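**Student:** Take the two lone chains, each set in its own frame, and fit them into one complex as the hints suggest.
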Amino acid sequence: GNSVTQMEGPVTLSEEAFLTINCTYTATGYPSLFWYVQYPGEGLQLLLKATKADDKGSNKGFEATYRKETTSFHLEKGSVQVSDSAVYFCALPTSSNTGKLIFGQGTTLQVKP
Amino acid sequence: DTAVSQTPKYLVTQMGNDKSIKCEQNLGHDTMYWYKQDSKKFLKIMFSYNNKELIINETVPNRFSPKSPDKAHLNLHINSLELGDSAVYFCASSLGATNSPLHFGNGTRLTVT
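First to last, the protein sequences are chains D and F.
First residue of the first sequence: 1, per the working numbering; consecutive thereafter.
First residue of the second sequence: 1001, per the working numbering; consecutive thereafter.
Keep in mind that a hint or two might mislead.
As the list claims (entries may be wrong) - No farther apart than 27 Å at their CA atoms in a straight line, the calculated lysine-lysine pairs in the DSSO-like style are these:
| hint | chain 1 | residue 1 | chain 2 | residue 2 |
| --- | --- | --- | --- | --- |
| 1 | F | Lys1044 | D | Lys52 |
| 2 | F | Lys1041 | D | Lys112 |
| 3 | F | Lys1036 | D | Lys49 |
| 4 | F | Lys1041 | D | Lys77 |
| 5 | F | Lys1040 | D | Lys49 |
What the hints assert, rightly or not - Derived coverage of chain F by chain D (criterion: at least 3 residues anywhere in the stretch with Cβ under 8 Å from a Cβ of chain D; other residues may be distant):
| hint | stretch |
| --- | --- |
| 6 | 1037 to 1050 |
| 7 | 1095 to 1103 |
To be verified - One-sided excerpt, in silico: chain F residues whose CB lies under 8 Å from chain D:
| hint | residue |
| --- | --- |
| 8 | Thr1031 |
| 9 | Ile1055 |
| 10 | Leu1083 |
| 11 | Phe1090 |
| 12 | Asn1106 |
| 13 | Gly1107 |
It is worth saying that the hints were derived from the structure and are not from the lab.
As the structure is a computational prediction, the values presented were derived from the model and not from experiment.
We put the CB at the ideal spot given by N, CA and C, even for glycine.
Only chain F is shown next, with the shape it has when bound in the complex (with noise of 0.2 Å):
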């Protein structure tokens, strides 16, 4: 069984159009978040939720909203998109508290054209 599952694994679009990402985890974890890998491998935090409350939220444009309708499942929408915003999406989960391991899903290529 998947712990940490997202869908699409990949995902081109054209500028301008709207997209979502789905996650769901299975390992009863409180908390869940987005980050963001670039083309060089760096990780960025974007949102975390626990029990459905956002609780991190980054510097992160508003054509990104993430969604918790229950704390198994966070999903990303992002509006408007644009060539920058091309990149792996990962989400992870926790237990939420200090010094608890993330676990990945395999992430989301995003290619924006």
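Bound conformation, chain D alone (with noise of 0.2 Å):
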């Protein structure tokens, strides 16, 4: 079934450095792949979603492009503020048609001033 791999956490960063998260599926065909965001003391949010290989998914400054070869969809920011402090999560859907998301194990970031 279709799997998520994220790297681990966590991740510290002064402010305005550059972020990436790894994120890396196996999957059966070329699921919708996503990445989610919380907030201390929230839900989960969506953060971006890419729909088909060599998509672009784009938010709040975040990037991450749909990679088939490599099969990767990396998390991206130029310039992180401190207000980007959260947990981020990678998602694709199972394989079983159910409307579920697999979600990867989350990375914590954490942006100092």
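**Tutor:** Here it is in structure tokens:
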């Protein structure tokens, strides 16, 4: 079945640093890929998505490109802010067509001023 | 307007008690879910309902019983609470099709003492 693996955290960066959070997947076919963000004390929010190979999802300065060759969907941001401190989850649907999403283990990002 | 709302936000109770968590969505979605997030932020699906019908029931103790009175509501009842049930429980909804993003509530932090 489909699965997803994220880099382990926590990741600690200074403000304005460049961010990369790695995500690789295994999947049947070419499902959509998602990044979700969870701010402290809140639920998960959809950050961005890509629906097919070579698509780039982007939102709030974050980007991720759906790479079929490397089965990756790495999250990047050119200049992080303190307000970006959160837990980031990579996700994809299961192969069973139930609408269920499988989440990576989450990567905690802490940005220091 | 809150899209997916769950109550209560916090629940502290003793072992052996029975408790319920309620969830409502006003997005018009057909499918609703319960996810459990452990202390390491790992998310695991528990149940999914589509139009009031159970479609996913992962390996969850039968002390957990979901109920969907209509497609906008999905409640979770837990009998005989155990220490290991302490976690954050998230309700979510989606259109239900593969590749549909999930919309999450803000979670219910359950602490069993």
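**Student:** All the hints need checking, so say for each whether the structure fits it.
**Tutor:** Evaluated hints:
1. Lys1044(F) - Lys52(D): With Cα atoms ~25 Å apart, lysine 1044(F) and lysine 52(D) stay inside 27 Å; holds.
2. Lys1041(F) - Lys112(D): 21 Å, holds
3. Lys1036(F) - Lys49(D): 23 Å, holds
4. Lys1041(F) - Lys77(D): Distance ~22 Å between lysine 1041(F) and lysine 77(D) Cα, so the pair holds.
5. Lys1040(F) - Lys49(D): 24 Å, holds
6. 1037 to 1050: Since three or more residues must qualify, the claim that chain D covers the stretch 1037 to 1050 of chain F holds, with 7 doing so at under 8 Å.
7. 1095 to 1103: holds (count 9)
8. Thr1031: The hint holds - threonine 1031(F) has a Cβ within 8 Å of chain D, the shortest such distance being about 5 Å.
9. Ile1055: 6 Å, holds
10. Leu1083: 23 Å, violated
11. Phe1090: Holds, about 6 Å.
12. Asn1106: 5 Å, holds
13. Gly1107: 5 Å, holds
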